[in-house]
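Could you put the whole structure together from the sequences, leaning on the hints where they help?
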Amino acid sequence: MAQHQASSGFLNEIQKIPPVTRFLCGSTLVVTLPVMLQLVSPYTVIFVKALVLSRLQLWRVFTSFFLGSSGINFIFDFAMLYRNSDALESAHFGGRSADYAWQLLLAAGGILALNIPLGTYVHTRPLLLALTYLGSALAPPGAQTSFFGLLTLPVQYLPYILVGMDLIMGGPGAAAQSISGVVVGHAWWWVIFGGGAGASGRNLGSAPGWLKRMLGQRDGVATRLAGTAGGVHVIPPRARQVVEETTGHRWGSGHRLGN
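Just so we're aligned: 235 in our numbering is position 235 of the sequence shown, and the numbers increase by one with no gaps anywhere.
A hint or two may mislead.
Unchecked claim - List of simulated lysine to any residue pairs, SDA-like, C-alpha gap at most 20 angstroms: (1) Lys49 to Ala91; (2) Lys16 to Asp86; (3) Lys212 to Gly95; (4) Lys212 to Pro18; (5) Lys16 to Leu114; (6) Lys16 to Met214; (7) Lys16 to Ser90; (8) Lys212 to Leu105; (9) Lys49 to Ala176; (10) Lys49 to Leu33; (11) Lys212 to Ala91; (12) Lys212 to Arg202; (13) Lys212 to Gly201; (14) Lys212 to Ala108; (15) Lys49 to Gly94; (16) Lys49 to Leu105.
Claimed, not checked - Listed next, with one range per pair, are the computed distances between beta-carbon atoms: (17) Pro34 to Leu11: 20 to 30 angstroms; (18) Gln144 to Gln57: 20 to 30 angstroms; (19) Arg213 to Tyr43: 30 to 40 angstroms; (20) Lys16 to Ser54: 35 to 45 angstroms; (21) Pro172 to Leu33: 26 to 36 angstroms; (22) Leu106 to Leu53: 15 to 25 angstroms; (23) Ile72 to Ala199: 25 to 35 angstroms.
It is worth saying that the hints were derived from the structure and are not from the lab. Virtual Cβ for every residue (Gly too), placed ideally from N, Cα, C.
Shown next, in the form of structure tokens:
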């Protein structure tokens, strides 16, 4: 009986997570844990353009966005993914999970386009940087972040610090991948929240009807949030702290497989 109640409580807590964030975190666990446990070879889930196009191994496009770091880095990256996505979906996309999912798809397409010339095998890091940039850009003025628990900086600097750490730990290839995420994150903010594309940008960011029906989004919900330039952040400055570790091995750090 106690085990049943504990299981029900755990499932209830999972259900409280917004649907898109739940999907992102769940996909990361499903793809990464079998690789970490050596049940699945990483070579079966990374993005290889030739295999996607010639052998139609289309799942590689999906799995390449969810293969996380190894070791303790995975914990920090997973926590950052959850925190950033949950904050975006709950605050800036409140009641509009379908719009968030649609814009994520567009962002993933941009990341893929920018990384194909780089020969990137894993797109998890660029996606994380895109979400981090968007969350930082939408943070209220004066919001702070704690780096390594030692240095407190304006949250807007966080994406660039992560790029710098990737450059130090992974070299130019890793930094280039992270920069692609920053570029996509900035484009995301500029088009949807910054008003750079006007009404056409808002129309582009609106999910198609089938996706709204799938996620139960009704038209007219949270229109104030949708039209707010710069977004609305419900968490006051210094209420959240970001602790990021970037040491250790990371899949897709910029080094070609086999080197």
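Right, here's what the structure says about each hint:
Under the criterion of a C-alpha separation no larger than 20 angstroms, the hint pairing Lys49 with Ala91 is inconsistent with the structure, at around 36 angstroms. Between Lys16 and Asp86 the alpha-carbon distance is near 11 angstroms, which keeps this suggested pair within the 20 angstroms criterion. As the CA atoms of Lys212 and Gly95 are separated by approximately 11 angstroms, the hinted pair is consistent with the 20 angstroms bound. As the CA atoms of Lys212 and Pro18 are separated by approximately 14 angstroms, the hinted pair is consistent with the 20 angstroms bound.
With a CA separation close to 34 angstroms, the supplied pair Lys16 and Leu114 exceeds the 20 angstroms bound. For a cut-off of 20 angstroms, the pair hint linking Lys16 to Met214 stands: about 18 angstroms separates their Cα positions. A distance of roughly 11 angstroms separates the Cα atoms of Lys16 and Ser90; the hinted pair therefore holds under the 20 angstroms criterion. Distance check on the hinted pair: Lys212 and Leu105 sit about 14 angstroms apart at the alpha-carbon level, within 20 angstroms; holds.
Between Lys49 and Ala176, the direct Cα distance comes to roughly 18 angstroms. Compliance with the 20 angstroms bound is thereby established for this hinted pair. For the given pair, Lys49 sits about 24 angstroms from Leu33 by alpha-carbon distance, which is inconsistent with the 20 angstroms threshold. A C-alpha spacing of about 18 angstroms is found between Lys212 and Ala91, which places the hinted pair at or below 20 angstroms, so the restraint holds. Among the hinted pairs, Lys212 with Arg202 is consistent with the structure: their alpha-carbon atoms are about 15 angstroms apart, no more than 20 angstroms.
Taken as a hint, the Lys212 and Gly201 pair is honoured in the structure, with Cα atoms around 18 angstroms apart against an allowance of 20 angstroms. Under the criterion of a C-alpha separation no larger than 20 angstroms, the hint pairing Lys212 with Ala108 is consistent with the structure, at around 19 angstroms. Distance check on the hinted pair: Lys49 and Gly94 sit about 36 angstroms apart at the alpha-carbon level, beyond 20 angstroms; violated. With a C-alpha separation of about 19 angstroms, the suggested pair Lys49 and Leu105 falls inside the 20 angstroms cut-off, and the hint holds.
Distance hint for Pro34 and Leu11: a CB-CB separation of about 22 angstroms, consistent with the stated range 20 to 30 angstroms. For the hinted restraint 20 to 30 angstroms between Gln144 and Gln57, the CB-CB distance of approximately 44 angstroms leaves it violated. In this structure, Arg213 and Tyr43 meet the distance hint of 30 to 40 angstroms, their C-beta atoms being roughly 37 angstroms apart. At about 43 angstroms, the CB distance of Lys16 to Ser54 agrees with the hint of 35 to 45 angstroms.
As the Cβ distance of Pro172 to Leu33 is approximately 30 angstroms, the hint placing it in 26 to 36 angstroms holds. At about 21 angstroms, the CB distance of Leu106 to Leu53 agrees with the hint of 15 to 25 angstroms. Between Ile72 and Ala199 the beta carbon distance is about 46 angstroms. The supplied range of 25 to 35 angstroms is therefore violated.
Of the numbered hints given earlier, the model fails hints 1, 5, 10, 15, 18, 23; all others are met.
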